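There are 2 protein chains.
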Amino acid sequence: KLTNVKSMQENCRYNGVPEPTADSVQAICHECFICCCFALCRRPPKLREISWLLFVFFSSDIEISRAQSPKAVDVLAKEIGLLTDEVEIYGQTKAKVRLSLLERLKDQPDGKYVLVAGITPTPLGEGKSTVTIGLVQALTAHLNINSFACLRQPSQGPTFGVKGGAAGGGYAQVIPMEEFNLHLTGDIHAITAANNLLAAAIDARILHENTQSDKALYNRLVPVVNGVRGFSAIQFARLRRLGISKTDPGTLTEEEINKFARLDIDPSTITWQRVVDTNDRFLRKITVGQANTEKGFVRQAQFDIAVASEIMAILALTTSLQDMKERLGKMVVANDKKGEPVTAEDLGVTGALAVLMKDAIKPTLMQTLEGTPVFVHAGPFANIAHGNSSVLADKIALKLVGEKGFVVTEAGFGADIGMEKFFNIKCRASGLVPSVVVLVATVRALKMHGGGPNVTAGAPLKKEYTEENLQLVADGCCNLQKQIQITQLFGVPVVVALNVFKTDSPAEIDLVCKIAKRSGAFDAVPCDHWSAGGRGAVKLAQAVERAANQKNGFKYLYMLDLKQEHCNKGFGNLPICMAKTHLSLSHQPERKGVPTGFILPISDVRASIGAGFIYPLVGTMSTMPGLPTRPCFYDIDLDPITEQVKGLF
Amino acid sequence: KLTNVKSMQENCRYNGVPEPTADSVQAICHECFICCCFALCRRPPKLREISWLLFVFFSSDIEISRAQSPKAVDVLAKEIGLLTDEVEIYGQTKAKVRLSLLERLKDQPDGKYVLVAGITPTPLGEGKSTVTIGLVQALTAHLNINSFACLRQPSQGPTFGVKGGAAGGGYAQVIPMEEFNLHLTGDIHAITAANNLLAAAIDARILHENTQSDKALYNRLVPVVNGVRGFSAIQFARLRRLGISKTDPGTLTEEEINKFARLDIDPSTITWQRVVDTNDRFLRKITVGQANTEKGFVRQAQFDIAVASEIMAILALTTSLQDMKERLGKMVVANDKKGEPVTAEDLGVTGALAVLMKDAIKPTLMQTLEGTPVFVHAGPFANIAHGNSSVLADKIALKLVGEKGFVVTEAGFGADIGMEKFFNIKCRASGLVPSVVVLVATVRALKMHGGGPNVTAGAPLKKEYTEENLQLVADGCCNLQKQIQITQLFGVPVVVALNVFKTDSPAEIDLVCKIAKRSGAFDAVPCDHWSAGGRGAVKLAQAVERAANQKNGFKYLYMLDLKQEHCNKGFGNLPICMAKTHLSLSHQPERKGVPTGFILPISDVRASIGAGFIYPLVGTMSTMPGLPTRPCFYDIDLDPITEQVKGLF
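If you read the protein sequences in the order shown, they are chains A and B.
If you read the first sequence in our numbering, its first letter stands for residue 1, the second for the next number, and so on.
If you read the second sequence in our numbering, its first letter stands for residue 1, the second for the next number, and so on.
Note that these hints are calculated values from the structure, not bench results.
Just so it is clear, the structure is predicted and the values come from calculations on it, not from any experiment.
Just to be clear, a hint being listed does not mean it is correct.
Just so you know, same-sequence chains aren't split out, so a pair can sit in one copy or run between any two.
[To be verified] When the alpha-carbon atoms are kept at most 25 angstroms apart in a straight line, the in silico SDA-like pairs for lysine to any residue are as follows:
1. K646 with V225
2. K646 with N549
3. K106 with T642
4. K106 with N549
5. K539 with G91
Let the hints inform the model, and build the full structure from the sequences given.
Printed below as a string of structure tokens:
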């Protein structure tokens, strides 16, 4: 067992490799292969482990990413049939694609639409992103079938916090992964700017209304400019909503002026929060307005992580610029003192929000390690929104791949939550019909469901997970079976992808595939894409292709004529987005396998009217992650000479 | 006098043009030229006013901007001698330029370096940006001399708040102005992300230190990963600073562990604030940490506008990636309980900050309305920082224009503050020597200094400013004279550019130019670039060219061996950045002309150690603007069909 420099030095000496110097233990360790094997395995490595160990010690995700030069994005764009004026290049490796393409290709039939979902995961995640990427790599680079992966843009918070990036991993990655994980083309920054402009407008408006007479307020809202006094377009829209048809500001009655100028927001009902794309736990609950200039109008508020903004959910669900603008205007931010909803449109900010979001609406084109095209677009928080990438990226990709091509996208969380929202919310918004579901499972997660010990991020895995244990696997397959059944409720064929780890035994792998097929999966195949790239997912790709030709009876699980709590405000016909833990089929994360007999406790029901869904909260949902004692950023660095990023994963 | 729709309608009828309909007063007004002339002038227009009025009513800044199609930025890049791999294209109209160019052209002599500064302005601003842009348009498009404008990137806060954008105006603009004024290439967003990651790290660290024993803290900071325990590179750096030469985490003594693991930040000394690029007055003073998860560690804090971040000041002053990384690490965020400074490096976040800023360090290439190249790069808040665009953009531009070319850049505020900081702080950081100062004056501002009535943003100008008044002009020239003298203290020739408004009389214009020359200006010329583009600044360009060939005795006003308050922390040898109002030579905004006999009251002395200056506060300086009752965003809109932005100015 190697836990200190001294024993490492001894080991290096024993193995005849240079000893670590005092200054660079980390670097030297990587040169001493055998020493590292000991450190990790606590025994000499077995022959079959060598290639895996080589990979682990000599290639981090970012090193693999960097070892492959992406093709120039304008070349990629041409390859996939984009016209020059449909592409906005951002540097060498990223481009935005204009929505005009949808008009040009509107008569082109769509390709096949594949959703990658997962069983109930461990807190470590079971590899849905790597399966998504591995699958398109297999389809295009190995089977010569057009394909496209559509992925979420990750929040920068976790990249510097606990979780790390989200570009896939190993040999199934989007490259360059540092671009994917950092600012990308600025969409999340645009959302932050739009979200916070609206937040600032709410508090400033309350202050101005509270400190001015109707007349003063009205004179400022509708000023004389160069001798002329007129309403702006957005003020005309407000007049129309108030039923005032006058156009001359001088002719409004006192009552009309009062109705027009006062939104009369009840501060205690404000649901619109500020956001930052940083894990900043100290902003979870704050008091704002404490400077003298705000004249005592303090109130309690909070910051959420940027991807939790309703504007992100809108970006993911919108179908056009016009539609986005309408959704932005409809966002409800508070109630007035009579209990009526106050919207972004009432605050006069719809146009400005649309302007801030005008580039974000265009999907960003990147590529996998094997040159397959990828759209990265939108990443709504899976906790309180639907957690799926954008409708627009999927629509554009489905046109680009052509009728025989495949678009593969990923749902957040387990199938019970992520896939359910994908079907009932996203597919309803887009009108698109999925062809196949790929359900990702791991032996690790199945063992957990079979009664294995707790799996915790950061802590070493218990031996149940690193040694063969067929009983735990067999018992845990109940969760896989249940998720297959859930998928079948939607009428879509399901292929199980077993994401293989080096500790999985052949017997364990066989067992999972056998049970999966017995449980109704169209097929079940082990995948090695993480260590082998697309080559490791060829069998999966073949199974998916066959499944896509199956009969497809896709249907939503419920219609929108349900009666709901929010009906009385005219928001009755919206789909439901359950804000529930992904770590259990129930609301209790510790209940693994297939828990039954529980009653979901709904603590509150909230509405994202612009995005278009109601979200009941099952318990408390954190909307702002925190930084741990040792955040990821300790390992992140930039080489000022080569300009290379180190330590992202 | 037209103040309502009815009288407009009458006027239109009288002039035989279509009457405004109820729905579109604004639009119809623009079609009725005579009616608008009446509205503005309150009398029939004079012949010489016609072209100006045509401009005002038919062309807003954004309409002029849109009427001109910018050349493709890759064409522009080629024209100015950039190699393909030195350019990172962002869409059709923006590109980032890589710093490698400085190495390639290191033996090329620099061009002439021109600073545009101003007299003490009115709150409306006197047109330094338009002069800067008009001047390069004249030099390149009309005199066929290579030139480059280097401008600041504006904050998005004022764009949606009171002030509007900052792309110049009229026929002296950077285009497309909506790109210039909005996200651009994401630099301010990157600064926000880096600034807030550091802020989150400070509070999280205090929480973790307060709730854990030395041992627990140390075990988390230096965990066993895959059986190996090692320090990260940034932790080794901290050990070195603490004088601990050990490399094996297992061998530190308890005392060493305590020193290593505890930063022991005194929360009352935290100077690092969070930022947003939004005018959000309710964040001026807040209380953070009120959620239960933060265990009672609440404290008072504030958000500043993003451009007030020290990271912005660093971006503006840095000379390379290596230098930027060092400056980021040196930023002091608080003191520990012994009164010693705590830096970003101590928090382990230097590398992550550099990674977040790796693209922001590259200047953004755009163009003027007449196709002249422009760098837009960095825009530090002029209140508490030096308010100048970046050293790197200037350096690159000086190489690109060649020995006979000109680089024109702008200082914030009046010459007493903006130019002083440009010379003593920015030129000291860059080592560059300015060739000419262009001092911008307006008849309007001179009248104010001569005793004219108050000038307030948003209120109509008093008649003293719209009618000839030679006495007010003559009296007000004292401020111009003083600013010329200040410039001469630095040993640089000064050319006065009188930015002409349509209300200025020929006699007023002559008077200003005469007094300016008598006061020591190398030359003084009226400019019409706003309405005539580069053609209107040709005489200015010729004067600048002649002045650049004058003898130049540039010198700093002070050396860095002054004794200062911050000396005892080893920060003694830094230049001074006075945080003083720009509305008076004194600290009292209402004292116009050349006030004397005042004593500057310094309320506090603060330090930006990473950026490299000390800033004494002269009174209170607001670092967060607010939204007024009717913010600019009421007029801003996006046409969802044409994708055009409306209402920016």
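Verification of the supplied hints:
Taking CA atoms no more than 25 angstroms apart as the test, K646 paired with V225 passes between copies only; the shortest distance there is 18 angstroms, against 55 angstroms inside one copy. When the C-alpha separation of K646 and N549 is checked against a cutoff of 25 angstroms, the pair qualifies neither within a copy, at 44 angstroms, nor between copies, at 49 angstroms. Taking identical chains as interchangeable, the C-alpha atoms of K106 and T642 lie at most 25 angstroms apart only when they sit on different chains, with a minimum of 19 angstroms there against 45 angstroms within one chain. Taking the closest pair of Cα atoms, K106 and N549 come within 25 angstroms of each other only inside a single copy of the chain (23 angstroms); across copies the shortest separation is 62 angstroms, beyond that limit.
Taking CA atoms no more than 25 angstroms apart as the test, K539 paired with G91 passes in neither setting, with 35 angstroms inside one copy and 39 angstroms between copies.
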